[in-house]
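Student: Those protein sequences? They're chains A and B, same order as listed.
Everything in the first sequence is counted per the numbering used here, starting at 1 for the first residue and increasing by one.
Everything in the second sequence is counted per the numbering used here, starting at 1 for the first residue and increasing by one.
If you are wondering where the hints come from, they were derived from the structure by calculation, not from laboratory data.
Please note that a few of the clues may not be correct.
No copy is singled out in the list; a pair is fine if it fits within one copy or between any two copies.
Stated by the list, open to error - Pairs of lysine-lysine, DSBU-like flavour, derived with a Cα cap of 35 Å: (1) K139 / K283; (2) K195 / K73; (3) K332 / K59; (4) K73 / K28.
Every value quoted in this text rests on a predicted model; they were computed, and no experiment measured them.
2 protein chains.
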Amino acid sequence: AIIEELNGLREKDILFSSGRILGSMCTKPLPIAEKVYMNFLETNLGDPEHFLGTWEIEKRLIQIIKDLLHAPKNAGGQIVSGGTEGNLVSILAAKHLTGKTEIVVPKHAHFSFNKVANMMNLKLKVVDTSNTHTLEVGKLKNVLSDKTAAVVAVAGSTELGAIDPIQEIAELCDEEQLFLHVDAAFGGFVIPFLKDLGYDLPDFDFVVRGVSTVSLDAHKMGCSAIPLGIVVARDKEWFEEMSIDAPYVSRRRQSSLLGTRSGGPVAAAYAVISHLGREGYQKIARRCMETTYYTEQRLREIGLTTVIEPVLNVLGVRVNNLNEVVRGLLEKGWHVNPVERLSCFRMVIMPHITKQIIDEFIPDLETVCKKVGEI
Amino acid sequence: AIIEELNGLREKDILFSSGRILGSMCTKPLPIAEKVYMNFLETNLGDPEHFLGTWEIEKRLIQIIKDLLHAPKNAGGQIVSGGTEGNLVSILAAKHLTGKTEIVVPKHAHFSFNKVANMMNLKLKVVDTSNTHTLEVGKLKNVLSDKTAAVVAVAGSTELGAIDPIQEIAELCDEEQLFLHVDAAFGGFVIPFLKDLGYDLPDFDFVVRGVSTVSLDAHKMGCSAIPLGIVVARDKEWFEEMSIDAPYVSRRRQSSLLGTRSGGPVAAAYAVISHLGREGYQKIARRCMETTYYTEQRLREIGLTTVIEPVLNVLGVRVNNLNEVVRGLLEKGWHVNPVERLSCFRMVIMPHITKQIIDEFIPDLETVCKKVGEI
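Bound conformation, chain A alone (with noise of 0.2 Å):
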């Protein structure tokens, strides 16, 4: 009965198979990772000794991430549940190195670094990209000071998938001495692959001096489950000196954030990685590049276009009645995720979404924007 309950409330969700969610940064994770999480889904890292296996396994993990990152040697890990902890422990990690009380953070940076700076009493410092929707150099040297604890850049912004220009951030922060955390939580998995295929990207990882610490979800576009990012520091000592004594669990020092957490997600993600390898992801990553050129295509010829030339697979479509459109599409059973900010919805082509699914969305998207006058 319960079982039948809980079956009859899922039904009211939109499953991703069904193509219609166009706007979330998740997707349906590879059955191998449903399989591999239920094994260890008792486990407890956060008191490994009794795990012995399953924390060979999170090194194991840790290890892939820090060589697809290009990290040092001295590099250090951490796996965390997903975007904002992984924002979270690299500022706390800044704060602790720094002692400073201020952080700066593109415009487009995610709404994590609110809730961040607002819990640890630092001061947030925006820097406005209005024109270009990527962080502009210029900009930052004129909101950086000697209270600067850390400077952030996006590679793959929550919005519109951009990524600043790390490179020329990190030579400015090198210079000045300053930490640089990388929120790499969506192009993480996707900007290393398109770059093996030529894309002209810009680096985004450790291959930057200047760079202080990466993170990235492998429940994102590494396709796996719910809950797994995880964070490198160039210094794995960073990490260490923001440890606390852990007494009465296996492992005496703690440096993550969470006490107890399956190694569920961990194998799961381990399980994806090592099935997919650089070429499945390299595959994945180029379908979903093709795909979101198609659908700039079709949206173009029905007269809407893009906040940007899409990046990564994420496109902003303009619309200026923005509200009318999404519910507009909501009627139609389409999900898509308004970004009031930039006057457009965001479109996600995440693998559950195929061409197919972009020729049944066209034809309504263009019934919504007739209707409400938008073309």
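Following the hints, position chain B against chain A.
Tutor: This is chain B only, laid out in the frame that chain A set:
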């Protein structure tokens, strides 16, 4: 091949079902938890408008917990990843409400309060509890000041399962208009059921005037899967005040700490709680306590004592040669958790621990203790 690699590593873990993990506050989730978890794995409650059914389950789960804790109608509940986040969210609420800078915790409070204080620039004032292993109201009075943002009391301490005199603490806090957080991570899913059975235990929840927030974990004595904690505040406004704008996800404001989070553990906890019902939890609590008393008796028979008479299903077994005893037990395949501060090791008589396991454990413990000259 990947599955084989992972299964091979999984074999290096200790399974809860082996009965060899004697010191953890976690246990094997009920089978229904595993079954349900997978069906909801892809859902994201950070973006709930896409997952209306799962969101409804979350609301029902929160209501069940509010009822369990005698929360008033205007109370608010929030799903968190576990005890650490539950404590963090509560202290953050107190910080926002009061604007003050110190938190007062008993000596036996969980180490997560160190993380929290550290992160939020709060001064941690620790009340010594050397004689009673519970918070003494007399000593508490001495450390309160006009800077106190919150007082913390514990219902089921991590080291000994002790319960602070919440009623007396709450009276003082009510008088002084102080925010009182009760950390019931462990006790929350066992104290109410033992009280049903006639155990003489103190009130710890919203039935006590003066209690502001209570947090508890479904992945401990709730017998559900990681990660699932809940924090309840007497006034739901306290969470809303600390919420921040969350553009580009389907809900416009987010008061939770984490962004993306799966509905899997939420649906699993709802299923377990519905499946067990109050009677099911009573049976589990009774069995755990009976095994706890049985263990205490068997310990006494071999000449060992506990730090306090067991209050809940936790035993702090006194040993002078703590490290040697713990190491000796480990060599025989038994996992207990050392508590150096109290020169004892912790046993938690979770549902996976039976009298039969205790009967196997005691002779090994006796051998180890004799070998190191403990008895």
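Student: Against which earlier hints does the structure fall short, listed by number upward?
Tutor: 1
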